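Undergrad: Chains as they are written, first to last, in this note's numbering: chain L, 10 to 336; chain F, 23 to 415.
Take the hints with a grain of salt, since some may be wrong.
Within a straight-line C-alpha distance of at most 30 Å, the following computed DSSO-like cross-link-like pairs (lysine-lysine) qualify [unchecked claim]:
1. F:29 - L:92
2. F:404 - F:124
3. L:164 - L:92
4. F:404 - L:92
5. F:124 - F:387
6. L:164 - L:107
None of these hints come from the bench; they were simulated from the model.
These numbers were taken from a predicted model, which means no experiment stands behind them.
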Amino acid sequence: MIMETTAFRLFLSFVVSAFFSGAVFAHGGVVQEDDLCVIKVNYLRAHFKIYQPRVSGHEQFCEDLPAASESVFVMEYQHDALKGMPIDFRIIRDVTGKGRFARMEDIEQIDDLGSATVFYQEAVIEPNVFTVLHEFSEEGEFIGIVSATQPDTSKVYAAVFPFEVGFTGVGYWPFFIVVLLLLQLQYLVMSGRLRRWTKGRWSRAASSLLFCALLIAPAAPVSAEDGELRVSYSTPAGPPEINRIHSWILHLESADGVPLENATIEVAGGMPEHDHGLPTQPRVTKELGNGDYRLDGMRFHMRGYWEITVTVVTAEGSSVVLIPLHL
Amino acid sequence: MRSLLLKLGVVVVVIVVIVIGWQNRSTEPPVWTDAEIDVLRSLSLASLPALPPDPSNAVADNAQAAAFGERLFFDPRLSANGGIACSTCHQPARHFTDGLPKGQAIGTSKRNTPSIVGSAYSPWLYWDGRRDSQWAQALSPLEDPNEHGSSRLQVVAVIAGDDAYRSAYRALFGEFGDISGDDPVALNNAFANVGKAIAAFERTLLPVASRFDDYVDAVADGNRQQRESLFSDDEVWGLRLFIGEANCTQCHNGPLFTNNEFHNTGVLSSPGELPDKGRVAGVQEALADPFNCLGDHSDDPARQCAELTFVRTGPELIGAVRTPSLRNVELTAPYMHKGQAATLAEALRHYNEAPDAMIGHNEAKPLELSTRELRQVEAFLKTLTAPSVPNAI
């Protein structure tokens, strides 16, 4: 439901670009790119979104917030460097008088940043996703300032994003609704949601056909190959069952049946239909001789179609073999 | 004018009647295919494998340890204020939950109190899996300032100071050693042993068969009459949706209706709190826990700790929590890791919409089920209620 804010932003950026030209956020800020709200902290980027879970549930906002309420700011890094950088987050009342056009220079000129500050999260290194929560006690214009410090050089990168809490301009709402409706319509057409509604039925039928085909197909193959390399496996503790950690014995041989020794093997896997990997990180723990290798830490957590990829590196080169598996 | 209104009224009434009739139309329940019967069997308690061994706990299957652990589980003297026991939150009468959004003792727990029935089957404990055995888990509430609020020093002192406990302890684990606090290794050892006794008790808490399990037996036996007397048409349709179109068995699978794995299902954050980071944080805690399977207090000389050794992390685990068991779910409201859903209907509405997750990526897809179908799934979930509590005390 990012639509409303998207529409609002699009409209705004249209108006803004009609009157002003040149970059508004020279030092980084929040921008709308396609359907994604992005914060740019200098060259570092993160997916940015704000929630007001108490009043708007799962609806995402990019900058402006409809109500003075509990607000959760989320940054999902698009640049790995941010994972290791201390990041701090400040929200101030807009005392610059610049509104939407406030920039870092304007912030630097504020004498008493402390008294303008309504929220401050000290710098923390957050390796996964950066989140802060602030409950706004009043509506008005605010500025968010995110700074990230490069640990090696101590260089500070900052992003500044002015925003409003409690939308104003209610007098124009009928106009907005028309714009919204048009955009929604365009979105439905463009995103294929309209088509998906009908298509979903077809793809479901297709996937159940595929499922049947897999059922009829011969029992799970225990061997697969990539040109010169043949990989087979056995499971000493009985056929693989879901939700039980167990081991495999991998057997590697060349196309003409010569066992492959001294190989470095990496194993990954997942369910392509569900878009997720194995729940564990299995590893080859022992070379048993005669082309056999012990693979520990295998576990499946769902029935269905799995694919295991075995990457084999030897002195001669590397190859990847895919083992399909139906549980 | 009057007659026009009348006609309109008639039309409206007819439409309403048709809609209501359609919503409540009776439809013959499906005939199960062999593949479906196979899935049903995999969900029945009859398929529950033997308890996985816990080599890190030498007394895991010792009956004396279980009896000792049972007393500790119900003993409020292990808490800072003498008023909190494990059973304050894990109440047997409520299938070892407490009916609250979040656990409540000296303070408020971080999350919702899960049932502990069948938790011996899980390689990971807690919503975020931050402990890797029942015994390591049992030590945490004792020292959590919001729960028992006690300390290992006090807990061990209570046991050493009670005649019955002291002799039970010695019979199982030998002498206490220096538990004055001067010798942290001895104290930690004794503390770990307390956890091992509690775990021995918890291992005996296994799910009791429900109407669903009887139904699967009847289906497998081809006993039509019994099948029909056990499940209403709505329950059958609900079950069919559960294993089919609604994809619930992607995660709620096996006889415990959980894969004990971590998934992000996009549940809204709890009031006043940041969205729960879930497994990405929990995995680091489990690896750092001094009482984990690889630590000094494990009883397994071989340190066979496959789950911990081959553990995986990654961005998919942001905001992911462990799939809860759905057995007795009717009686364990409120639902989700912070009690965000008050009723089953609310939980199902969430799945029907499957909104984008606040953090990470929601794995569940919108279901687009009708209200009728949602009611049927709910009706099925209620067949998982057991007639009694394990080890009713």
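Undergrad: Hint by hint, note whether the structure agrees.
TA: A quick look at each hint next to the structure:
{"no.": "1", "hint": "F:29 - L:92", "result": "violated, 68 Å"}
{"no.": "2", "hint": "F:404 - F:124", "result": "holds, 23 Å"}
{"no.": "3", "hint": "L:164 - L:92", "result": "holds, 16 Å"}
{"no.": "4", "hint": "F:404 - L:92", "result": "violated, 44 Å"}
{"no.": "5", "hint": "F:124 - F:387", "result": "holds, 27 Å"}
{"no.": "6", "hint": "L:164 - L:107", "result": "holds, 26 Å"}
Checked against the numbered hints given earlier, this structure breaks hints 1 and 4; the rest are met.
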